[in-house]
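Engineer: Each chain, written out:
Protein chains: 2
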Amino acid sequence: MEDKGISRAVITRLPRYYRYLGDLKHEGVERISSQELSRIMHVTASQIRQDFNNFGGFGQQGYGYNTNYLHQEIGKILGLDKDHYMILIGAGNLGQAIIKYMHFKKRGFYFKGAFDIDPSLHGTMVDTVMIYPMDQIAPFVKEHGIDMAVLTVPKAAAKETAELLYDTGIKAIWNFAHVDLETPPHIEVENVHLYDSIMKLSYNLHKNG
Amino acid sequence: MEDKGISRAVITRLPRYYRYLGDLKHEGVERISSQELSRIMHVTASQIRQDFNNFGGFGQQGYGYNTNYLHQEIGKILGLDKDHYMILIGAGNLGQAIIKYMHFKKRGFYFKGAFDIDPSLHGTMVDTVMIYPMDQIAPFVKEHGIDMAVLTVPKAAAKETAELLYDTGIKAIWNFAHVDLETPPHIEVENVHLYDSIMKLSYNLHKNG
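Residue numbers (our numbering), protein chains in the order written: chain X, 182 to 390; chain V, 182 to 390.
What the hints contain is simulated information worked out from the structure, not anything from laboratory work.
Accuracy of the hints is not assured; some may be wrong.
Said to hold, decoys possible - Over 10 Å on every C-beta distance to chain X, these chain V residues come out as not near it, computed from the model: (1) Arg230; (2) Phe239; (3) Lys263; (4) Ile298; (5) Leu302; (6) Ala319; (7) Pro320; (8) Thr349.
What the hints assert, rightly or not - Incomplete in silico selection of chain X near chain V, CB under 8 Å: (9) Ile192; (10) Arg197; (11) Tyr199; (12) Ile258; (13) Met283; (14) His359; (15) Leu382.
Ideal placement from N, C-alpha and C gives every residue a C-beta, glycine not left out.
Isolated chain X, as found in the complex (with noise of 0.2 Å):
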């Protein structure tokens, strides 16, 4: 129960390795040495073994690793051998196209139910989702064991729509409203700036201008 103390720059890492051996496992590579992932990942050998060392080491390195351990492994380390029950808050464009687009099920993380605002969405459908108003979330995350919220509300409506979570029972929550959303320790936050994002590409457009 206590925080294997595992840099943060390790855990960002982590979802990396996974997609890269999820894509050898895919082209039917079954062994991988830390030198061949180095030269596709371009990271330093040194710093893969580093990296996993962190978790064990993963194998004989020697041999190489075998891919479908080593990305089955990475997964429970990401909590993927696990299910979570979502909630959507801000059923507005950008939510409604991660309802749809993120095609979380073979993941293991569930929609079960959207929440916005506008009463003329109330009852209505996105995919499989219902959407439901905003007094409901807390009940609503009980009776589901709901564990993760995804928050696509405005910016000026996120911090208070985050204090809503607080106290219900939900353990993680996944902002893209644009502010550094903080929150107390028994909630987990992960924030996600497009437009950040956005403004880096137009700077490395522009720095040889």
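Let chain X serve as the given structure and place chain V on it in line with the hints.
Structural biologist: Only chain V this time, still in chain X's reference frame:
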């Protein structure tokens, strides 16, 4: 015309400064010290001064920074004082949501057209943006002086779709496909990996459990 050698970490922090300064401006805060900015942004004041020194420091630190001036100058560094003409490739759920959701115009980002392989979409509109067949990308880019492409195609199609852009005059690709796109040196790329982000959240949710 040469790279000013600003580190990636500094560049990654610039949009965040821009965002906080925009909020302060909006709240009517005229001057801000690096200490105060440090407190609200959770970065050290010396980090802030160091970051700003990459760009000349932005004025007398003893009196604090002029919020409006600092916001404007960082905006210029990010290229936000220039207009960007964009196309979207892959007009599915995510692509359509990005056109509708990202209120780009106020920052000078304009979608001029969208492209998709699905013939039933050709000639239809997303917001004010027309969807065209893929074979019109190259002439369209030339005719409209497009500098950025947003790539919202499936993973399997990402690489070959990006290659269609390499000789068109496009300077930057904002990639949402679940793959690390590698581009030639004359094309900047920014990869947005939504799955990586939710996996990181899932890891944090389970790390203590």
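Engineer: Confirm or reject each hint.
Structural biologist: Verification of the hints:
Every CB of chain X is more than 10 Å from the CB of V/Arg230 (nearest about 20 Å), matching its label as outside the interface. The beta carbon of V/Phe239 sits about 16 Å from the closest Cβ of chain X, which is more than 10 Å, so the claim that it is off the interface holds. At roughly 7 Å, the least C-beta separation between V/Lys263 and chain X is not larger than 10 Å, which violates its mark as non-interface. Taking the minimum C-beta to C-beta distance to chain X, about 17 Å, the non-interface status of V/Ile298 holds against the 10 Å cut.
Under the 10 Å C-beta cut-off, the non-interface status given to V/Leu302 relative to chain X holds; the minimum distance is some 15 Å. Against the 10 Å criterion, V/Ala319 stays outside the reach of chain X, whose nearest CB is about 20 Å from its own CB. Listed as outside the interface, V/Pro320 is consistent with that label: its C-beta sits roughly 22 Å from the nearest C-beta of chain X, beyond the 10 Å cut-off. Every CB of chain X lies more than 10 Å from the CB of V/Thr349, the least distance being 15 Å, so the non-interface label holds.
Below 8 Å, beta-carbon pairs count as interface contacts, and X/Ile192 has one with chain V at about 6 Å; its hint therefore holds. For the restraint placing X/Arg197 at the interface with chain V, the shortest Cβ-Cβ distance is roughly 6 Å, inside the 8 Å limit, so the hint holds. A hinted interface residue such as X/Tyr199 counts as satisfied when its beta carbon comes closer than 8 Å to some beta carbon of chain V; here the least separation is about 7 Å, so the hint holds. Satisfaction of the interface hint for X/Ile258 is found here, the shortest Cβ-Cβ separation to chain V being roughly 7 Å, below the 8 Å cut-off.
At a threshold of 8 Å, the smallest CB-CB gap from X/Met283 to chain V is about 7 Å, leaving the interface hint in force. At about 7 Å, the closest approach between the beta carbon of X/His359 and any beta carbon in chain V falls short of 8 Å, and the interface hint on this residue holds. Proximity of X/Leu382 to chain V holds as hinted, the smallest CB-CB distance being about 4 Å (cut-off 8 Å).
Of the numbered hints given earlier, the model fails hint 3 alone.
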